[in-house]
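Colleague: Listed here are the chains, written in short residue letters.
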Amino acid sequence: MRAGGLICIVDDDEEVRESIGSFFRSAGVATRGFAAAEALLAAPELAQMTCLITDLNMPGMDGLDLSETLRRQGYAAPVILMTAFPTAETRARAAANGVALFVEKPADPEELLDEVEALLAA
Amino acid sequence: MAGWTDIDGLARRRRLLLGASLILAGAIFTFDLLSPFDGAVAVLYIVIVLLLAPLGRGMVAAAGAITALLAVAAFWGGHITGPSGGAWSRLVVSLVAIGATTALSLRDRSIRTTLGEQARILELSHDTVIIRDRNDVILHWNEGAEQLYGWRRDEAVGRPCQELLRSVFPTEEVEAALARDGQWSGELIRTRRDGARLVLASRWLVRRDPEGRSVGVIESSADLTEQRRADRQRQASEERYRTMFDAAGFAAWESDWSQTLRVVRSAAPEALAGSEALEAWLANRPETVRAAIGVAVLRTANPAAARLLGAPSPAVLCGMSIGDRFPAESLEACGRLLGGLAAGRPGAEVETRLETLDGRLVDVVLRLTLLPTAQGEANVLAMAMDVTEQNAARARLEEASAELAHAARVATLGQLAASIAHEVNQPLTAIINFARSGKRWLDRTEPDLAEADACLDRIIANGARAAEVIGRVRAMVRKTAPQAEPLDLAALAEETIVLVQREARAAGAAIHRRWRDDAPMALGDRVQVQQVLLNLMLNAVQALRETQERRREVTVTLDATPEGQAELAVKDTGPGFPNGAEDRIFRPFFTTKPDGMGMGLSICRSIIEAQGGRITATNNPDGPGACVAFTLPPVGQTARRAAELIS
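Order-wise, the sequence lines are chains A and B. Using numbering that gives the first Met the number 0, you'd call the opening residue of the first sequence number 0 and step up by one each time. Using numbering that gives the first Met the number 0, you'd call the opening residue of the second sequence number 0 and step up by one each time.
The set of hints was computed from the structure by calculation and includes no laboratory data. It cannot be assumed that every hint is accurate.
[Stated by the list, open to error] Partial chain B-side listing against chain A, Cβ under 7 angstroms, derived:
| id | residue |
| --- | --- |
| 1 | H421 |
| 2 | N424 |
| 3 | L427 |
| 4 | N461 |
[Stated by the list, open to error] Some chain A residues judged to face chain B by a derived CB distance under 10 angstroms, without partners named:
| id | residue |
| --- | --- |
| 5 | R16 |
| 6 | E17 |
| 7 | F101 |
| 8 | P105 |
| 9 | D107 |
| 10 | E114 |
[What the hints assert, rightly or not] Per the computed footprint, the stretches of chain A lying under chain B, defined by three or more beta-carbons under 8 angstroms from a beta-carbon of chain B, are:
| id | stretch |
| --- | --- |
| 11 | 6-15 |
| 12 | 36-48 |
C-beta: ideal position from N, C-alpha, C; glycine also.
Please build the complete structure, drawing on both the sequences and the hints.
Modeller: Here it is in structure tokens:
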């Protein structure tokens, strides 16, 4: 296993979720996928999460709100935010929220993996 | 004696008197000559003179002369031998008596003639003439009085005037005037026989006897009743029209344009006098217009005019020069008004701007009418409807409409783009991820073929998903397939110019146009072609936003290509396309605007090419700025429709 712990992936698009998951698995990283932020918050695996990769725009709670909620609830795992439409506002809000990384879709999965490793090593 | 006034009666009387006189003369002569009586018998000749007096002055004079001669003749005849002193004195006495009587009779006749004429004048007068004595009893009542008051002469004479006529007049004033000046003139009210009330203008004169004592009054009165009634009616009518004028909701004022029209007629060339061309001539001569309108003076105005022109009251406007109310931009319209009136038209109407007293500008529809007046005068009635509100409302509506349409287009395109981007992004991301994944599975020291296989399956699936998105977009685009019809491109372009007028004005850009007369009609979808044109014009106006060093101009032209196609071009004097970018201009997402979506020209090309036309964009060869032009197939050629819109 290259990176330790559990990487959680939250994205309402099944294919994107599965494809990231498949890639990380092929790199030997354990992942769990969730279709919605609410599903993650309700899941028992939350306690073992070491890193979160989440889409920004989702029906229901969006990625930034999820990140804020986790912060409030005391989870320290770094958050990577993905989006196809980055705006200055969202960047600013993400930065203010302590989001570790802001990534534009489509993201190169290799780079994503490197970033995750870097974050977990820190 | 009725019989004495007719002609036969007069002639008979004449003969009678003459006959009597002759006989008497003969008798006196004979007596004088032959009688021994010592009295002055010749004095009796005066009876003849007096007898003949009614027959006229000539008769009197003749009688006097003849009887004098007779007296002398009798003297000579009777005292040939030698007249005694007594005889001489008797002759003298007789002659003096005859002379005096003749003279007195002549004077009496003159007086009687004058009196007679005066009495006839009184009868001739239409005015009423009444002579009263000291006790107000009527002595004389002329025909005018009979007709006006309704009482006949025989009914009136001898009656007290007040009882008959029931006059109403300021008694003390009249008495005082009569006592002081011997006369009075003024108005009084009397009652006619039938009870009707009369208003009269009256002159009274005191009649005096030879000692100067007042013996009554002679008066002459004229009937004012009709005149008074007409005056009142006219006044009521004037008041009615004045009320209408003042209460009118639209501004109206009357001004004197005599000088103004004189200035115009003397400044204009002879040939144009009275012609339609005068309007156009004046419209091009603001100095003449300014000079002419400067001497037009406002005379009356209604309260609505005061409100329109920002005056506290209509009185403030009176006497002002109309010229000050026309700002420079309105001189052309003013010139056309002047030209119309000077050419002899009774009225003229124009929409223009006026400047109020407090410096505001108001849009008005101004209607001028030349009022009929005396020769040489020009009274102009002006009516103004304030259309500022309407114009502003219309402008706001147009602007809102254009903005809405614009926003709708942008929103649709934006949404479209966002939706496409998102929907295509997802499968693309998945494909990349699964591909990478597959490579990793295969790169392991022990390749996991099952996993790699699974990845490839997912790649195929996501590829199909992406294609499906594209397919849906195509289907959506096909729904708005162009419907072709013959188009009058010049008219379409004019309409489109109206739509961008406000944006252009706001950007300080002027729009020029040039239509070729024989440009061919084109075949195309009206709505879509107009969308393209609108897009191009808006682009041009926006390109000029930052232009400072030269005039901001957008030029729209309609031409024909050598191949016979109609070509519409939109040129601007802005910065032009960046060098080297000409080939990229039509690519989707190309934009030089910092906040642009870059959809415009790409979509324009799609639309134009779908109609069978071509679109080109270049920088202007002969100056700054860019030019985007498109052609459309002429009516008669079939339009090619592109099957693919996104390639």
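Colleague: Evaluate each hint against the coordinates.
Modeller: Hint-by-hint comparison with the structure:
Nearest Cβ of chain A to the Cβ of H421 (chain B): about 6 angstroms, under the 7 angstroms cut. The hint holds. Using the Cβ-Cβ criterion of 7 angstroms, the hint placing N424 (chain B) at the interface with chain A is satisfied: the shortest such distance is roughly 5 angstroms. With a cut of 7 angstroms, the hint placing L427 (chain B) at the interface with chain A holds, because the nearest CB-to-CB distance is about 5 angstroms. Annotation: N461 (chain B) was flagged as interfacial toward chain A, and the flag holds, the nearest CB pair being 5 angstroms apart, inside 7 angstroms.
Look at R16 (chain A): its Cβ gets to within about 9 angstroms of chain B, closer than 10 angstroms, so that hint holds up. Taking 10 angstroms as the C-beta contact cut-off toward chain B, the hint placing E17 (chain A) at the interface holds, the least distance being around 7 angstroms. With its C-beta approaching chain B no nearer than about 16 angstroms, F101 (chain A) sits outside the 10 angstroms limit, and its interface hint is violated. Evaluation of the P105 (chain A) hint against chain B yields a held restraint, the C-beta minimum of about 4 angstroms falling below 10 angstroms.
Proximity of D107 (chain A) to chain B holds as hinted, the smallest CB-CB distance being about 7 angstroms (cut-off 10 angstroms). Below 10 angstroms, beta-carbon pairs count as interface contacts, and E114 (chain A) has none with chain B, the closest being about 14 angstroms; its hint is therefore violated. Restraint check on the stretch 6-15 of chain A versus chain B: 3 residues with Cβ-Cβ distances below 8 angstroms, three needed, restraint holds. Residues of the stretch 36-48 of chain A lying with their CB closer than 8 angstroms to a CB of chain B number 0, which falls below the three-residue condition for coverage.
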